[in-house]
Amino acid sequence: MGVAVAQVSPPTGSRVHYLNESYGIKSWLFTTDHKRISLLYLGSITVMFFIGGFAALLMRLNLLEPAGAIVQPETYNKLFTMHGIIMVWFFLIPSIPATLGNFLVPMMIGARDLAFPRLNLLSWYIYLVGAGFTLYALISGGVDSGWTFYTPLSSIYLTTHVLSAATGIFITGFSSILTGLNFIVTIHKMRAPGLTWFRLPLFIWSMYATSVIFVLATPVLAITLLLVGLERVLHVGIFDPAIGGDPVLFQHLFWFYSHPAVYIMILPGMGVISELVTAFARKRAFGYKAIAYSSMAIALLSFLVWGHHMFVSGQSVYAGVVFSALSFAVAIPSAIKVFNWTATLYKGSISYQAPMLYALGFIGLFTMGGLTGLFLASLAVDVHVHDTYFVIAHFHYIMVGGAVMAYLGGIHFWWPKMTGRMYPDLWARFAAFVIFIGFNLTFFPQYILGYLGMPRRYAMYPPEFQALNVLSTAGASILGIGYLIPFVYLIWSIRYGPEASPNPWKAKGLEWEHSPSPPPKDNFEDVPVVTEEAYAYAASEPARV
Amino acid sequence: MGALHLALVLWQSGFPLRPEAASTSAGQVDALYFVLTGITLFFTIGIFLTVFYFMLKYRRRSDDYIPPPTQKSNLIEVAWIVIPSLICIFVFAWATRLYFRNAEPPEGSTEIFVVGKQWMWHLQHAGGQREINSLHVPVNVPVKLVMTSQDVIHDFFVPAFRVKMDVLPGRYTSEWFIANKPGTYHLFCAQYCGTLHSNMTGWIYVLEPAQYAQWLRDNAIGESITQIGGRLFTAFSCATCHSADGSGAGPSLQGVFGSPVSLAGGSTRVMDEDFIHQAIVNPNSLQLPNYRPIMPSFQGQLNEEQILQLVAYIKSLANAEPTSAER
Amino acid sequence: MSDIAPASGALVGASDLPSTAADLHHQFEEIEQQRDAGNMGMWVFLATEVLFFGGLFTTYTVYRSLYFAGFEVGSHLLERPFGAAMTFILLGSSFTMALSIHAIRMGRRKLLCALLLLTIILGAIFLGIKFTEYAEKWHEHLVPGLNFHPTVDQLRGAPGDAVDLFLCFYFFMTGLHALHMIVGIGLLSVMAIRAWNRSLSQANYQQLEVSGLYWHFVDIIWIFLFPLLYLIGGPR
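Protein chains in written order, with the working numbering: chain L, 1 to 545; chain D, 1001 to 1327; chain C, 2001 to 2236.
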């Protein structure tokens, strides 16, 4: 991806910008420009996305038949493990923060770069090393622990490449931590004059909340993986009950990180949606402060609900009650956001280019995914649906119907800014529809499958579940095609797409109004001074704060 | 063509949305589930429709048009915080109440002992009858499963009863149900446990009382589980130290199951199934005042099923009077 | 933290550091902003370290409450005098570290270098004692996973598994700490070299402050480790 962009010929007029100010592979591999680094990430995570997606395709093909259509259970177990590991740690967690976040955080706040540009480049290299270890595990025979690595299965019983996969994830965690650290310091210390906290774009608020989680939660994953590795190598009894260890302790440590991690995966998407809805309705966000505070509330509450993954783990019923109550609480800020986005559309001037279609899809699908979370927070219902396809449907509605659609919406929205080119909007809208249809056909049947009792991580299943599985696989094929379409036209547009104006959407924001497309290396000609609220579309916006 | 076939299959099966309801709690869980479904559909469809409506009514007509400034409304903000919160509190209260009602088995439940291992289920009835990957139970009788794993974490899931509980190594967990509809129902392992996790399935057979009694007779092995446990107690020389009158090197176990036990170091534990399991596999971790820590570990010599049989035996001693003043 | 004017007249002549300002990196507007950002970055990093060690401390706490007897016996297998010595040495090194910041504020290069060297030496002595302890444990066959064959006397009736687990935590927690110490010594060595060749100055010593923060943090971790590992239960 990076190499292709480096060979783009300068546009007519030969304006110098960050893509053409220097050429050659070294100028990319040793860059400290946050914009180039975001493209380096874009390429890497796209590769990982298609690897993880391919694993999913094989899984769904296998599930066409009750006895397993194409692979043995050993292989199926490795497929779902790699799908989970790659999609969670190598695609979703870095996706918006490392691509759009890296590109936009300095631009949206009027800075020339992040606080620590070299650390930013180091983050990318750490990501690559981690990905390398994980791909090594894949190529050398695979891992079959599930992305959740429950003990003592992962620490004692499995003979597959658990250690290399865990090492890969451990290393990549530092990439997240450093990115989060960079964003926190940048947002605190490098805002342009006049840019007070409550004038920040909501995308920045959500990146800030995400970074807080990055920085506080990821280290716990690191130590947990180290402990699993220690047990595997030295056979000491940390999680092995045969020598005094407690396997449920692993679950507490793992989910203490992994629950906040899912908010790492959705908060940036929510930030993108705030930007898309305001830009394409040409209106200020309805409840700016409510959305901003909700982001922080979600980040805080996310640390308090991990036990809802463990209602049937043997933990005390009283712990279950506390975690259930808090899990209901964390749903409220998300609901607030959905209502506020919808209200922002009221009396707006709405256009339906592809980014907006993705945003609208997000609002509906995230609502359904989020509300099915209430089923899981309800103790009595969770007993029945835990570890079934209901859970799988729930989190895919949020991660794919939500986060991935927000990611695609954001990529399409900021594409002209990042590349200086426009993509063909008709193809983009078509792809958005295909993805929406394919997605729902894939995952809606899984809610029903789950309540009917089909457990997750099953390579084979009773015949009465076949019809719904076939429906789901049909949907997955459509979804896969849907993802290929943007891959093709976006790459095409880099060379053949029409040149983009500085602000093709006529959106508000420093990145649109104070910088050409693509921006120069230092983002702005001179430091912008901010005097108005975010999304101050209407001429007579009342002054606030 | 495939699509038509699919549609036909779904039609013929009656578009099932839930598994059979075969336990007393199934209907209660389903009711909550359907209310939650209603709430979900209401808000999802509501949001979708509102968004569609706004999209049409406020579609962009002119590229230069700037809409009027957004009016903010604290009332609306508060309304849509309070109303969802009330809904959440309502659902939480209902779900929690249901959960607590189903948490403790009724007194006198029939106990069945379950050992999960990669990749099969071993079950044993109080009367000694053994089953592999199947469980025969009588209708309308409370049944409590006492479960442990021989290796990794498994999970005993019966969708028709709406019950599920992880099965852990080194510990006992339990779940209970009252099956109220004769029939045959799926049993699934619902915690990923390795290569043949998806094969670790079985069947629950709910029988009328007469049939169940017949099944018990047909599958009797000549001794009850407590008798097997008693045999093991002697065969592994437990009786040598744990003599009934307390004169051995270890404490008598007559009538002590379920009582609190003071440990060296001051803490107190209840002698339950977990305590006995720990005492058998890791005795040095439970040291008693007044007794030397010389009990050997039986880990590796006794498998989980045998330990359960010993547990059953020691439980049966609970009815006996303690014969020494030591405890 | 703005430039501090040279101290009273008596020390003016003692300053032999030029007052070259730090290079302003292109993403910052003012040197003040750069300094603030650097400091905040280190504090955020230390927060991640707190969570990292915190996960480990939590796991330790769970097992200590489950197996107190075994942990007590394990703790008594450690040498309290060594632990106490290491604690004082590390506290001393934090003191010399803090003094070195004072030295550079006064522009006293040679004093600065001496203090940094002393800090490094104290850190090295700490590590020396630690590795001596490790070697001793190896000879006593008390290294879990690699060489663990405790005698009955050593166990003193406690379950072998619990003592094994304690020692596992001992090696892992102090080992992780030692790793951080080694990084810290590396960092301070770079600082010492920069102090010697005048890259650090009265007007430009933020790297030193940030290194000092890291060093103090590693010290604080030890302050927690020492009682948790060495001081369980009463006297032997």
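A few of these clues could be false.
As the list claims (entries may be wrong) - Covered by chain D, according to a simulated footprint, are these stretches of chain L (three or more residues, beta-carbon under 8 Å):
id, segment
1, 304-314
2, 360-373
Unchecked claim - Computed cross-link-like contacts, PhoX-like style, restricted to lysine-lysine with a CA-CA straight-line distance of at most 25 Å:
id, chain 1, residue 1, chain 2, residue 2
3, L, K506, L, K347
4, L, K289, D, K1072
5, L, K347, L, K289
6, L, K506, L, K289
7, D, K1072, L, K347
8, D, K1117, D, K1057
9, L, K506, L, K26
10, D, K1117, D, K1144
11, L, K506, D, K1057
12, L, K506, L, K521
13, L, K506, D, K1144
14, D, K1057, L, K347
15, D, K1072, D, K1057
Claimed, not checked - Residues from chain L that face chain D, not an exhaustive set, calculated with beta carbons under 8 Å:
id, residue
16, G244
17, I332
18, P463
19, P516
In case anyone wonders, no lab produced these hints; they're calculated from the structure. C-beta: ideal position from N, C-alpha, C; glycine also.
**Item:** Minimum beta-carbon distance criterion (8 Å), L/G244 to chain D
**Value:** holds, 6 Å
**Asked** Going straight from one Cα to the other, do D/K1117 and D/K1144 come out at no more than 25 Å?
**Response** holds, 19 Å
**Request:** For the pair supplied as a hint, L/K506 and L/K26, confirm whether the alpha-carbon distance does not exceed 25 Å.
**Result:** violated, 36 Å
**Message:** Would the hint linking D/K1072 and D/K1057 be met if the CA-CA limit is 25 Å?
**Reply:** Holds, because 20 Å separates the two Cα atoms, which is no more than 25 Å.
**Request:** Answer holds if the nearest beta-carbon of chain D is closer than 8 Å to that of L/P463; otherwise answer violated.
**Result:** Since the shortest Cβ distance to chain D is 10 Å, the answer is violated.
**Holds or violated: L/K506 to L/K521, with C-alpha atoms at most 25 Å apart** = OK: L/K506 and L/K521 at ~22 Å, within 25 Å.
**Satisfaction of hint between L/K289 and L/K506, Cα-Cα up to 25 Å** = holds, 24 Å
**Prompt:** Holds or violated: are the alpha carbons of L/K506 and L/K347 at most 25 Å from each other?
**Reply:** Answer holds: L/K506 to L/K347 is near 18 Å, not above 25 Å.
**Given pair status - D/K1057, D/K1117, alpha carbons within 25 Å** = Violated: D/K1117 and D/K1057 sit about 61 Å apart, past 25 Å.
**Asked** Taken at face value, is the distance from the CA of D/K1072 to the CA of L/K289 at most 25 Å?
**Response** Holds, because 11 Å separates the two Cα atoms, which is no more than 25 Å.
**Item:** Pairwise hint evaluation, D/K1057 against L/K506, where the allowed Cα distance is 25 Å at most
**Value:** holds, 21 Å
**Message:** With the threshold set at 25 Å, check whether the alpha-carbon distance from L/K347 to L/K289 stays at or below it.
**Reply:** holds, 20 Å
Going through the hint list in order, the structure does not satisfy hints 8, 9, 13, 18, 19.
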